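Sequences and hints are given; from them, build the entire structure.
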Amino acid sequence: MPPILSIAGVEKHYPSGLTALAGIDLEVRRGEIFALLGPNGAGKTTLISIVCGTVTMTAGRVSVGGHDILRDFRRTRATIGLVPQEIAIDIFATVWNTVRFSRGLFGLPPNPAYIEQLLRDLSLWEKRDSRIIELSGGMKRRVMIAKALSHEPELLFLDEPTAGVDVNLRRDMWALVRKLRDKGVTIVLTTHYIEEAEEMADRVGVIDKGRILLVEDTAALMRRFGKRRLKLVLHQPLATLPAALADWPLELQAEGHELLYSFDANAGGAGIPDLLRRLDALGIGFKDLDTERSSLEDIFIRLVEPA
Amino acid sequence: MPLINRHGVWAVYRTEMARALRTMWQSIVTPVITTALYFVVFGGAIGSHMQQVGGVDYGAFIVPGLIMLTILTQSISNASIAIYFPKFTGTIFEILSAPLSAFEAVVAYVGAAATKSVGIGLIILVTATFFVRLEIQHPVWMVAFLLLTCVTFSLFGFIIGIWARNFEQLAIIPSLVVTPLTFLGGAFYSIDMLPEPWRTISLFNPVVYLVSGFRWSFHGAGDVSVAASLGFTAGFMVLCLAVLWWMFRTGYRLKA
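Chains H and S, in that order, give the protein sequences.
Be aware that the first sequence starts at 1, since it is given in this note's numbering, and climbs by one per residue.
Be aware that the second sequence starts at 1001, since it is given in this note's numbering, and climbs by one per residue.
Note that these hints are calculated values from the structure, not bench results.
Keep in mind the model is a prediction, meaning the values are calculated, not measured.
Note that CB positions come from ideal geometry on N, CA and C, so glycine has one too.
Hints may be right or wrong, so weigh each one.
Think about it this way: if two alpha-carbon atoms lie no more than 30 Å apart in a straight line, the pair counts; the simulated DSS-like pairs of lysine-lysine are [what the hints assert, rightly or not]:
hint, chain 1, residue 1, chain 2, residue 2
1, S, Lys-1087, H, Lys-127
2, S, Lys-1087, H, Lys-209
3, H, Lys-209, S, Lys-1255
4, H, Lys-179, H, Lys-209
Only part of the chain H face toward chain S is listed, based on derived beta-carbon distances under 8 Å [said to hold, decoys possible]:
hint, residue
5, Ala-78
6, Glu-86
7, Phe-101
8, Phe-225
Listed next, with one range per pair, are the computed distances between beta-carbon atoms [what the hints assert, rightly or not]:
hint, chain 1, residue 1, chain 2, residue 2, range
9, H, Arg-29, S, Phe-1103, 28 to 38 Å
10, H, Leu-70, S, Ala-1242, 40 to 50 Å
11, H, Glu-86, S, Ala-1102, 18 to 28 Å
So this is what it looks like as C-alpha cells:
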C-alpha cells in the first residue's frame, strides 16, 4: 500500500523573494501520529497548506494515498481533514449547521447520527443550536475540530492544535487524537508543546528554514540525543572536586553546594551506584537528589542552533 | 469517485440562501421600500406631469428600468460579499481545501446570488402592480432577460469579490461605475429623448442594452434591437466566465 502522504521535492517561493520551503521530501505512514516540529516561520503551516490545497506549490509533487493532489484533487481532498491554527468559522451559523455544512462541502451525504456522535465526543452536543459568536474560544476550537472530522477523513492535519488552549481542552484533544489513531486515522500535527509531541507522536520531523533536518522515531530520537542528569545537593559545600571522583564527568555548581553528573541516556544507570558508594567512602553527604532527562526541546534547540 | 460534488454545491448554495434569509430585512424589504419610493417620486409626482413615452404611461415605462437598476446592484453586492466575506474572515480556507472544483464553487455562489436577485426582481414587479397598470408583452423573454442579467451580474460581482482587497474596493465599482451607468442608461427615460451628441454617447453605455432589451419584453419597444441587447448581455457573461476561469486557474487573490 502506498504511504498515506508522500511529499517529494516540494518548494514554495513567493514573488517577494521569500523562500518558505526549500525542497521538502517526507513520507507519512498510514495510521501513525507524526509531529512536525519547528520554530515560527520554519514552513510548517505552508507545507500543510500545500497538501490541503490552500497554497499552491512552486515545484514538487505531493500524493495522498498514492493519488496526486493536483490531478486527483477530488479524491485526495475528500480524505483530508484540516484544523488550521486560526479559528475561522462563520460566526452567525449555529454549531450544528456549520458542521453539517462541512460534511456536505466535502461531498458526503448527510448523516445526523454521525454528527451527533461527533458533537458528543467533543462536548459540543449541548451547544448544537448556539451560534458560533456565543461560544468561548475553546468551544470554537472544538467546533473547528468537529468540522475537520465531519467527513470522516483518513488523514487529519492539526496545525498548532494546543496553542492557547486550556488544560481541559488539551487533555480532551489528546484523548481524541488517540481515539482517532485507534480507528486508523493518520494524524499530522505541528506543536510548540514539545513534551506532547514526545509523548504523543510515533515519529517526529524537525523542520527549519524550509528544510527537513531529520525524521526519526520519537523513541530513537530520544535515545540518540537524550542526556540524563543527576543532581546531588550536598550537606557541606565543596571547594574543588576531589581527585578520587575523576572517573566521572562531574561539575560543581551553586558555589559548591550542588554536584552535577551528566550522562548518556542510553547507558542505563551509568555507574550511579558506584558514584554514590565512592561519595559515601569519601564522607561527602548529600541531602537531596534529582534526575532529569533532556526533553525534545533541548534536542530541538541543539539541532536548529548548532553550537 | 463521483464526477460532480453535488453535496458540496448544495451545501454552499443552501448556506448562502440561509444567509440571505437571516438578513431578510436588508435583502428583501429594502428593495421593496426603495422601489415604492421611486414610484411615488418618478411615477406619481413627476410622471403625472409627463406625457406618455412611446405610447406607454410614464409610470409603467420606468418599471423595467427600476427592476434593472435594483437587480444589477443586488446581483453585484450579493455575489461580491458572498466571496469577499469568507476571504476577509478566513473561512475561505475550507472552500479552497474542499473537493470542490472552481466550476462547482461558481455554480453554488453565483447560483445563490442570482436566485436572490431574481426573487427581488419579481418582488419589485409585484410591488409595481400596486402602483401602475402593467402589461408584459413577451413574458418568456422577460424571464429570460431577468435570468440572464442576474446570472451575468452575479458573475461580475463574484469577480469583484475576489479582486477586492478591502471594503472600499468592494464598494467602489458598484457605486462609482454601475449605479451611474444605470441612471444614465435609460432607466427612467428613453435615450431617444436625449439631444445629440448624448444620444450617440449613450450607445457606448452597456446598461442601455440591458434596459432596452428588458423594456422591449414589457412594452414591445426598446432603444436598440433585441438582438443587440441579447448579444451584449451574453457577450459580457462570456467575458466574466473567462476572467473567473483565469482567476481560479492562477489562484488570483484566493491562494497564496
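Results for each hint:
{"no.": "1", "hint": "S:Lys-1087 <-> H:Lys-127", "in the structure": "26 Å, holds"}
{"no.": "2", "hint": "S:Lys-1087 <-> H:Lys-209", "in the structure": "28 Å, holds"}
{"no.": "3", "hint": "H:Lys-209 <-> S:Lys-1255", "in the structure": "21 Å, holds"}
{"no.": "4", "hint": "H:Lys-179 <-> H:Lys-209", "in the structure": "33 Å, violated"}
{"no.": "5", "hint": "Ala-78", "in the structure": "5 Å, holds"}
{"no.": "6", "hint": "Glu-86", "in the structure": "6 Å, holds"}
{"no.": "7", "hint": "Phe-101", "in the structure": "5 Å, holds"}
{"no.": "8", "hint": "Phe-225", "in the structure": "34 Å, violated"}
{"no.": "9", "hint": "H:Arg-29 <-> S:Phe-1103: 28 to 38 Å", "in the structure": "35 Å, holds"}
{"no.": "10", "hint": "H:Leu-70 <-> S:Ala-1242: 40 to 50 Å", "in the structure": "22 Å, violated"}
{"no.": "11", "hint": "H:Glu-86 <-> S:Ala-1102: 18 to 28 Å", "in the structure": "24 Å, holds"}
Hints 4, 8, 10, counting from the list given before, are not met by this structure.
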